[in-house]
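> Chain residues, written in single-letter form:
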Amino acid sequence: MKKDLSWIDLGLISYEKAFNLQEKIHQKCVEANWTDTLLFQENNPIITLGRGSHEKNLLCTPKELAAMGIKLTSVSRGGDISYHGNGQLIVSPILHFERYIKGAHHYVRCLEQVVINLLGNYGLPGKRIKGRSGVWVNDPNTGDDCKISALGIAISHGVTLHGISINVNPNLKHFSTIIPCGIEDKGVTSMKACGLTPPPLAEVRDQFILAFDAMFGTQTSKQTIDKINEF
Amino acid sequence: MKYEIIMPEFAEGAEEINLRQWLVAVGELVKKGDNIAEAATDKISIYVESPADGKITVFLAEEGDRILVGQIIGEIEG
Numbered sequence: 001m002k003k004d005l006s007w008i009d010l011g012l013i014s015y016e017k018a019f020n021l022q023e024k025i026h027q028k029c030v031e032a033n034w035t036d037t038l039l040f041q042e043n044n045p046i047i048t049l050g051r052g053s054h055e056k057n058l059l060c061t062p063k064e065l066a067a068m069g070i071k072l073t074s075v076s077r078g079g080d081i082s083y084h085g086n087g088q089l090i091v092s093p094i095l096h097f098e099r100y101i102k103g104a105h106h107y108v109r110c111l112e113q114v115v116i117n118l119l120g121n122y123g124l125p126g127k128r129i130k131g132r133s134g135v136w137v138n139d140p141n142t143g144d145d146c147k148i149s150a151l152g153i154a155i156s157h158g159v160t161l162h163g164i165s166i167n168v169n170p171n172l173k174h175f176s177t178i179i180p181c182g183i184e185d186k187g188v189t190s191m192k193a194c195g196l197t198p199p200p201l202a203e204v205r206d207q208f209i210l211a212f213d214a215m216f217g218t219q220t221s222k223q224t225i226d227k228i229n230e231f
Numbered sequence: 001m002k003y004e005i006i007m008p009e010f011a012e013g014a015e016e017i018n019l020r021q022w023l024v025a026v027g028e029l030v031k032k033g034d035n036i037a038e039a040a041t042d043k044i045s046i047y048v049e050s051p052a053d054g055k056i057t058v059f060l061a062e063e064g065d066r067i068l069v070g071q072i073i074g075e076i077e078g
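Line by line, the protein sequences are chains Y and H. Position one of the first sequence corresponds to residue 1 (UniProt numbering), numbered consecutively onward. Position one of the second sequence corresponds to residue 1 (UniProt numbering), numbered consecutively onward.
Chain H on its own, in the form it takes in the complex (with noise of 0.2 angstroms):
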């Protein structure tokens, strides 16, 4: 089954959020709740997490990129 990593809204308000490093890589294996990218605000830093137990198989976001709330940034073969 296919999760997507998403840009949690909790960071609703900010203006702009960076993607700042993934903290994986595709193809390696996570768990549900493990820290996999890093993203950042001007003064907010934001770990996002992953939705299930399962494979990295492909980022859609890259490090540097400006990110929206809600934006698919990843998704993970569980």
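Only chain Y is shown next, with the shape it has when bound in the complex (with noise of 0.2 angstroms):
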């Protein structure tokens, strides 16, 4: 039998009121008043410092951030230096993993492989790199692997935050201002620099939500944003 699975997408929405609902999400689904859901969203241009994060891995300074219209925070995730933004699907599965999967590890490789599956939809072949996360693709503009998904997850009481992003087409200029996930050697790329019609986040959000159900066994229904703001 399936398991009974919400997703809420919250739209483009700053990074803080964001992560704020994902927290309250996170707090009924560890008191059981909530569902497992599938948080959807896209957010304003902001550099995300992870657990794991490492000062030089951020290239500019605040102050030039700034001008570049670019925030800049720390979060509870794990892994190093992430950027998001517009044009960038981000999406945190909240859920007691362990009802689905067998260990973090594995739930982490599960997650990439349902972008994996998602980009092979659109024609597009993603895959791992052997040592480093994400799921990466051979950009035709320069004939190296580049990463497209990058993840990055906490573990609170057994129940998941944070996750993963789809870049379907970010300024990928504005990666230029980190080191992203610490990685000097590889670089960034999206759906789009790989020769797609971006096509929209809402229809990218119901491909991974097929993918997802496919790969842990879920039925997922829509919730809507209301419920969250009866908390």
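Treat the hints loosely; a few may be bogus.
To be verified - Subject to a maximum C-alpha distance of 20 angstroms in a straight line, what follows is the list of computed PhoX-like cross-link-like pairs (lysine-lysine): (1) Y:17 with Y:71; (2) Y:28 with H:31; (3) Y:227 with Y:63; (4) H:32 with Y:28.
Please keep in mind that the hints were generated in silico from the structure rather than gathered at the bench.
Put the two chains together into one complex; each comes in its own frame, and the hints tell you how they fit.
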């Protein structure tokens, strides 16, 4: 029998506001007052520093970032430094992950596989690179392997937070302000940069849900933001 | 009664787990389920919960230590 899940799309929202909502849902999930949820969002430009961040991977001063309209904040997920911005879909599964999968690392690998399967539906072959998390594609412009999807998660009380991002059509110039995930010798790309007509984020969201349900054996149905605001 | 604080099994598969920080101090009173330590692999932050109500009596791992799944990292007197 498939397990029921909810999905909520916050649309374009500030990182801080979305994270407050994420924490609310997380708390309700921990208390068993809310179904496990896939939370989707698109953020205005922001650089997030994970728990494993190194200062050297931030290549601009906060003042320079501000001049480019990019905010800077520290976050509770694992991983190094990340950029989020318009044209990038962020998915935060808030799950009692062991209901679906054994082991946190297996969970992370399955999340990557969901994105690989999604990209495959667009004719874009995604892959993993050993020792490096996220999903990678061969960028036709450079011939190099570039990251198209980054991830970082946290687990508290057995329930996950944070998640995975997919570069649909972000401003790739903004990534030059950081060494993404601390990886110096590899670049970042997007679905658009790989030659695709960038699909709407809502379409990518729906494709993610289909691929997620197939991978995790779930049945995901829409929930509204109004329900969160009732908390 | 003595309770052991153990690195949870759901971190299995991690090549390296670092004890990033203790969220409590020795002597502090905690409740069962409280987050008392934060550990991390390269991409996963894991919060370690208190196994019981009680007082933290000893840390058996220090911040920055590499730890293993199932390793006892502290004790609580409940």
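> A separate judgement is required for each hint: does it hold in the structure or not?
Each hint tested on the structure:
no.	hint	verdict
1	Y:17 with Y:71	holds, 14 angstroms
2	Y:28 with H:31	holds, 19 angstroms
3	Y:227 with Y:63	violated, 38 angstroms
4	H:32 with Y:28	holds, 18 angstroms
The structure fails to meet hint 3 from the earlier list, while all remaining hints are met.
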